[in-house]
Each structure stands twice: as C-alpha cells, then as structure tokens.
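Q: Listed here are the chains, written in short residue letters.
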Amino acid sequence: MYVYDDFDEKFVRERAAQFRDQVERRLSGKLSEAHFRPLRLMNGVYLQLHAYMLRVAVPYGTLSSSQMRQLAMIATKYDKGYGHFTTRQNIQFNWPKLKDLPDILDDLADVGMHAIQTSGNCIRNVTSDQWAGVAADEATDPRPYAELMRQWSSLHPEFSYLPRKFKIAITGASSDRAAIAFHDIGLQVLKNDAGEIGFDVYVGGGLGRTPMVGKKIRDFISLDDLLPYLVAILRAYNLEGRRDNKYKARIKILVHETGVDEFKAKVEKIFDGLEKDKLTAPAGEIERIQGFFTLPDYQAAEANPETFTKARSENAAFDSWVKRNVAAHKQAGYAIANISLKPIAGIPGDATDEQMNLVADLAEKYSFGEIRVSHEQNLVLAHVKEEDLFELWQALVPAGLATANIGAITDMITCPGLDYCALATARSIPVAQKISEKFADQKRQEDIGDLKVKISGCINACGHHHAGHIGILGLNKKGEEYYQITLGGSGDESAAVGEIIGPGFSGDDVAGAIDTLVNRYVELRDEASETFLQVVKRVGLEPFKEALYADH
Amino acid sequence: MAKKLKGDQVLTGQLLREGDVVFYTEDGNWSPDLQNAKIATTAEQIDELDVLIAKAEETNLVIDIYPIVVKRDDAGKLVPDLIREKMRTTGPSIVYA
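Protein sequences, first through last, are from chains A and B.
Using this note's numbering, the first residue of the first sequence is number 469, and each one after it goes up by one.
Using this note's numbering, the first residue of the second sequence is number 2, and each one after it goes up by one.
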C-alpha cells in the first residue's frame, strides 16, 4: 500500500501544528466560533448532537495494521472505545473533545493519517472498490489512480472552494462495488486489447434530496488525459455550479439543468484549451505510485485445500460464513475475507477498540498487514490463504466479527441518524436493529439471498436509501418519526433510484413491513436464484403494494 | 429566533472545550441536566433570551446556543418538545460503546 513520502509527511505535520494553534486561539477566545468553525471543518471536526465528531480519511478505504491500531488507541484514549466506519470508507469518532483534538491529529500524523478534506466544499476522499487489486472480475487495479487523484486533489488551490462538496469514486471491476454512478464523478478503469489503460467517465451522479444516476460523458480517456479531464469537469462546475442555493449546488443539478450534451460540450471546450502536459502527472510518477500497489508476495497455495473443504463440511457455521463472506481472489489458493460489522441487532459500521486491534493482528497474521474498509461499512482482509480461513474465522467468532451476512438482508448500510447526527430527522440505527433481529435466522437469510437494505435518517441520504433494493428514509411528521419505503434502487453497475411504494410507517412497524415485502418476494420469485431486485424489476411495485397496504 | 417559538423555553448549547450538551441555569451557569434549566415563561423572559445568548457567547464557554421549547410530563419533569431535542437531552437511544 501507499506510504507517505517526505512531502506528505511534512504537509500533514504542518497542518496538525496549524490546527493546534487554531484550537489554542479558539479556547483562549482570540478566535471567535464564527471564524473557527470553517477551520475545524477543514480538519474534519463537526459539532454533532451530543459532542464533537472527528471524521478521519481512509484513502480509498485502505489501512495498514499499524494505522488500525492507532485508530483503536484513539478510540480508547480520547473517545468511548469505539469508532464508526462510514459509506465514504472513512472512520468517525463520535465523542472527541476539542481540547484533545490537536493531540489526536498528531497521533494520526504518526501513522500517516489525517482528517483533511473530510468536510467542506472540496474534493473529498476518493473512494474505490474494497476488493481492488484482488477481485477476480477486475480489469486493472484502480488504487494507483485513486492515489494519483488523492495527491492531485489535496489542497488543490482551484478546487478548495467549490459550490458544494465533491465526491469521486473509481473501480476497475465489471461489478461495481464502489457505487460510481452515484458520485459527482465516477470512473471505470478499463484495459483495451493493446493492454492500454483508459477511463470511462461518469458525471453528475448523487443521492441526497435529488437522487440522480451519473451520465457517461467520455469513453476510455487515456491515463495522460485523466487529470486534465478532471480539471475540465471541475472547472466547468466551479464556474457555473449554483452558489445561490445549497440544495441545488451539487454538480448533478448543473448537469441536469444544463443538459448532458451541453455540459459535455462545455467540458470538452475547456479540456481542449488546457495545457495538458502541465496538468498531467510528471514522467515516472505513475510508475512510482504503482510500485506501492504491487501484489503481495503470495506463496504457492493449493486451491480448495483439503483442510479447508473438510472444515467446511464439518462446521455448518463456518460453511455459511464462507458462502456469504468469502469472495473469489485473482490468486489461486487465496481468498478475500469480508468481516461484517453488522452483527445481529448491532450498530452497523461500529467497531470497538478491541475489535479494531484484533482485526489489525489478524491482518498481520493472515493478510500481509492490510485492511480495507468497504462503502457498505464492513472490513476486508484481501489476501487470505484458503487454508488459513478456518483459523481466521475461529479468531473472529468470539469477537463478534464472524456474522455471515455480507450482501444479505441484515448487512444494511445505516447512517448514524438522529442518535448522533445534527441534521437527522429520524433515527436509523434502532430501525436497522429491529430489522436485523427480525431476519436473524441464518437459514432464512440464506434463503432470501442477496438483498440490500439501506437506511437514511434524513433526506440527505447518507444511508444511500435511494440505492437500496429496499430503501428506508426516516422523516418527521408532526413531531413523530416515520419511515418511507422505496423499492428497486440499486447501487451497482445497474444503478437505479428506488421508487416510493406508498404511505410511510412508524418506527415500530418498519421491520414488520419489510417482513411483509420479503415474504411477498419469496412467493413471487420463479426460482430460489431469482433475487429480490430481479423480482421487483420483473413484476413492478404493485404486488408489493398490495401485500403492504391490503389491510389499510 | 427565540420569539418565533411558542411555549416555555430554555437555552441550550454545547461546551466549547468538551462538546457536551448543557442548559442555562437560574444562577447563570450551565448544567448537563435539563431539570436545572432556567425557564422563560413570560413574554418578557422570552424576549430576554436573545440578550442572554449574546452575553453567554461572550464568556467563550458554550457554543451553538439556542432556545428550545419545553413541557412538563405527568411526573412534572421538564421534557423538550421536539424529538431532536429529546435526543440531545438523553443521549443516543441505543446501547453503544
């Protein structure tokens, strides 16, 4: 994985020292809250419902064991012993004190981490496929290009005060696990027959109060032209994106109001006028970055070794975990082990300090000291030998980290909601917990198969409800929380925005409503392999509406 | 802002250094317990809240100060009117950490 050079190291240290000075001046009263607020936000420090919140960047969701241990240390020393992994592949601490934040930033800098550009109207953490580099369906590893964009976008002088925040996601696989169609810019890395790298460019995707699927505006732009093309898109947006209305300020609105063809023409015109050789990475830089993303030193390992198949046949729980949580790896004899942060009735995305330390140790022992965070709020050990999977699983079980539910109904994306968030209109976590309890039975989950439920506690859609096969949106009506249900959304390569099925439900009734929908799906499916989403697409919403509202 | 709300009101904010939620008390201090809050009931008292906010901000101890509407429950305890403020008063509704 990428390791900071002297420039990065100095830059992060200087920023931490700058923030220490700003906090001291704020506490002494030399800086007013009005002046300090944008400065703290530039360092990922929010004021939430009960406390400050610190959002730490995890570039494209990749962490080392030593970084994870440091996050665990921060959780223990300065917070309440846990952290929350987010849909941007970052981690949030819910209870830091302002007086401690300079020390926390120093501790983060010690392991090459920071909270820069995790807030504000700038280019945020570039996210990627959590299986990058190892997925069996990948054309090429997107991480070197994500890293290139990280370097390019860090404190970019032209793009530090955009009309609104700006999110970029990149994948190199045919199955989109990075939700690129729901980002301001989505990039798909491809390789042509000549072995050259190119990028399909999508623009104007997003969730929030105006959900939109990104539109492709360029096929296979070359690596040399990638940064200049991004500059052209961002310049068009920076110049013409709306600054008069916060809710219409994202690039999706500009693309929608301008029209895709006209927006593309504007971008192309800017692109044609750029001195591209001055904007592209210097010669050798890509190769230097790529050098950090070479695959680890895999050992020759037998595929499906007898120890592994025997353990599966003798232990049903392990077999369930392998079926749901283990994915195919490029390298024979190796596997991708996904660690669910969605225990039954737990808090989606939360990990205790002890769990973080354990995952760091297990990554060191079994996966070359590297950990990934997925946008679905789970962790990944990306390079585990199949013959080690049983041992790994046995170590995860007592820590509550072996829930066999990746991609299943209880693996819900859930925003912090009104339990933490100052913007929320309703709670998300208790709803997720009730649904999780309702579908706790492993056999039933396996029978239901792939089903993505996503829950947001307000219209800002941090819980990606629009992209859920079943989406749940928490609102407030006359002082009471209620929940709107959508069906048919999808965050992958078949990206779609879900449709509202009908009147909302109270918090106590949501899990029952989901149960009704799932039962109807089971009745409607042609065969067990037909997924919930496929059935919704085939039959439409009507049969589900009938099931939900028959008694109303 | 204070004048737009209807009903009995108290001032709430968060401690600058720690971030903890607090309520303005009768004796001019800040308490984590809503039950200790100074209640503005008359029109004059509610009008005065803006002055109190300005004064409190000058002390540089509490940030994000604003009034909330409160009611008394059957047991006579003060309870915020809005669910958001109930949540701020009681903390997350889930078992965490």
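Please keep in mind that the hints were generated in silico from the structure rather than gathered at the bench.
Since the model is a prediction, treat every value here as computed from it, not as a measurement.
Even for Gly, the Cβ is constructed at its ideal location relative to N, Cα and C.
Don't take every hint at face value.
Here are the computed distance ranges between Cβ atoms for each label pair [stated by the list, open to error]:
1. 623(A) / 56(B): 56 to 66 Å
2. 60(B) / 914(A): 55 to 65 Å
3. 56(B) / 745(A): 56 to 66 Å
4. 59(B) / 692(A): 41 to 51 Å
5. 943(A) / 70(B): 50 to 60 Å
25 Å max Cα-Cα, derived SDA-like pairs, lysine to any residue [to be verified]:
6. 945(A) / 5(B)
7. 946(A) / 8(B)
8. 87(B) / 733(A)
9. 714(A) / 8(B)
Q: Hints first: check each against the structure and report whether it holds.
A: Outcome of the hint check:
no.	hint	in the structure
1	623(A) / 56(B): 56 to 66 Å	violated, 39 Å
2	60(B) / 914(A): 55 to 65 Å	holds, 59 Å
3	56(B) / 745(A): 56 to 66 Å	holds, 60 Å
4	59(B) / 692(A): 41 to 51 Å	violated, 57 Å
5	943(A) / 70(B): 50 to 60 Å	violated, 20 Å
6	945(A) / 5(B)	holds, 20 Å
7	946(A) / 8(B)	holds, 16 Å
8	87(B) / 733(A)	violated, 51 Å
9	714(A) / 8(B)	violated, 31 Å
This entry does not satisfy hints 1, 4, 5, 8 and 9, going by the numbered hints stated previously.
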